[in-house]
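Here the protein sequences come in this chain order: A and B.
In terms of our numbering, the first sequence is numbered consecutively and its last residue is 107.
In terms of our numbering, the second sequence is numbered consecutively and its last residue is 146.
The set of hints was computed from the structure by calculation and includes no laboratory data.
Hints are not guaranteed to be accurate.
To be verified - Label pairs and their computed distance ranges (CB to CB):
hint	chain 1	residue 1	chain 2	residue 2	range
1	A	W41	B	V138	35 to 43 Å
2	B	V117	A	E45	45 to 53 Å
3	A	D42	B	P62	33 to 41 Å
4	B	A134	A	I28	34 to 42 Å
5	B	V22	A	D78	26 to 34 Å
6	B	L142	A	R100	27 to 35 Å
7	A	G73	B	R82	48 to 56 Å
No residue lacks a Cβ here, since even glycine has one placed at the ideal position from N, Cα and C.
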Amino acid sequence: MNEPLVEVLRNPIARLRWAGYFEGTTLILLLGVAVPLKRIWDMPEWTSLMGPIHGFAFMLYLVLLADTASGAGWNWRDVGRTFAVCFVPFGTFFNDAFLRRKELNPR
Amino acid sequence: MYLWVKALHVTAVIVWMAGMVVTPLLIAWLGRPAADEGAEMGKGRRAALGIVRRHYLVLATPAMLITWALGLWMAVEAGWMRYPWLIGKLALVVGLSALHGVLSGQLRRLTTDAAHVAPSWTRYGTMALVICIAIISVLVILKPDL
Numbered sequence: 001m002n003e004p005l006v007e008v009l010r011n012p013i014a015r016l017r018w019a020g021y022f023e024g025t026t027l028i029l030l031l032g033v034a035v036p037l038k039r040i041w042d043m044p045e046w047t048s049l050m051g052p053i054h055g056f057a058f059m060l061y062l063v064l065l066a067d068t069a070s071g072a073g074w075n076w077r078d079v080g081r082t083f084a085v086c087f088v089p090f091g092t093f094f095n096d097a098f099l100r101r102k103e104l105n106p107r
Numbered sequence: 001m002y003l004w005v006k007a008l009h010v011t012a013v014i015v016w017m018a019g020m021v022v023t024p025l026l027i028a029w030l031g032r033p034a035a036d037e038g039a040e041m042g043k044g045r046r047a048a049l050g051i052v053r054r055h056y057l058v059l060a061t062p063a064m065l066i067t068w069a070l071g072l073w074m075a076v077e078a079g080w081m082r083y084p085w086l087i088g089k090l091a092l093v094v095g096l097s098a099l100h101g102v103l104s105g106q107l108r109r110l111t112t113d114a115a116h117v118a119p120s121w122t123r124y125g126t127m128a129l130v131i132c133i134a135i136i137s138v139l140v141i142l143k144p145d146l
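Please work from the sequences and hints to get the whole structure.
Shown next as structure tokens:
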């Protein structure tokens, strides 16, 4: 996405896509880096750092999903799909194409 | 430092909840056309909802983000994450946050789509919020062993 930041912030689906990138990235860092560091190398401070950051990212994604879906009248299948992917590593990245199609065709 | 963060967290919660509690009522009241307006909402009602939407975006939404950031910091700093009362509180606050998003979307749709009317469930939104706030308050103050 190359639009200016202001345009991104004004577009509900663009906001949701960026939140998806943020949530997906923090999930990968939490599960792929912080948890192994804790379990294998006994360094629990990284999960103490990444856990709350991912929690905030998840909450932000959830709020923006609710905002976008409610404002555009999404059906429950699209809402469920976009919500479920945030629990899967790389899920929000794989779902980005779907959101891009939604952005071009809002309903 | 912890008490300062807690004070700011409570302030943010009050501002967030103040914005959320009144919004379902306003949506339910202003978001349906009057008997003499026909199928579409009048300009006056849409303008009023526009004011509500601006205040929701400027006050309630930043307050929600601050509530989450400070709350998560306190939970980690004080080691609350292993306590069941906080897990219960988090579940309710996640629900409130989702409702915040839904109300934000409804405000946007009502101010941009003249044919959209407020969904009937918004009439019960305020009461549901008050019940959630009461349960969260009990969990936070009593910290029961669930």
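The hints, checked one at a time:
no.	hint	result
1	W41(A) to V138(B): 35 to 43 Å	41 Å, holds
2	V117(B) to E45(A): 45 to 53 Å	52 Å, holds
3	D42(A) to P62(B): 33 to 41 Å	39 Å, holds
4	A134(B) to I28(A): 34 to 42 Å	38 Å, holds
5	V22(B) to D78(A): 26 to 34 Å	30 Å, holds
6	L142(B) to R100(A): 27 to 35 Å	47 Å, violated
7	G73(A) to R82(B): 48 to 56 Å	41 Å, violated
Of the numbered hints given earlier, the model fails hints 6 and 7; all others are met.
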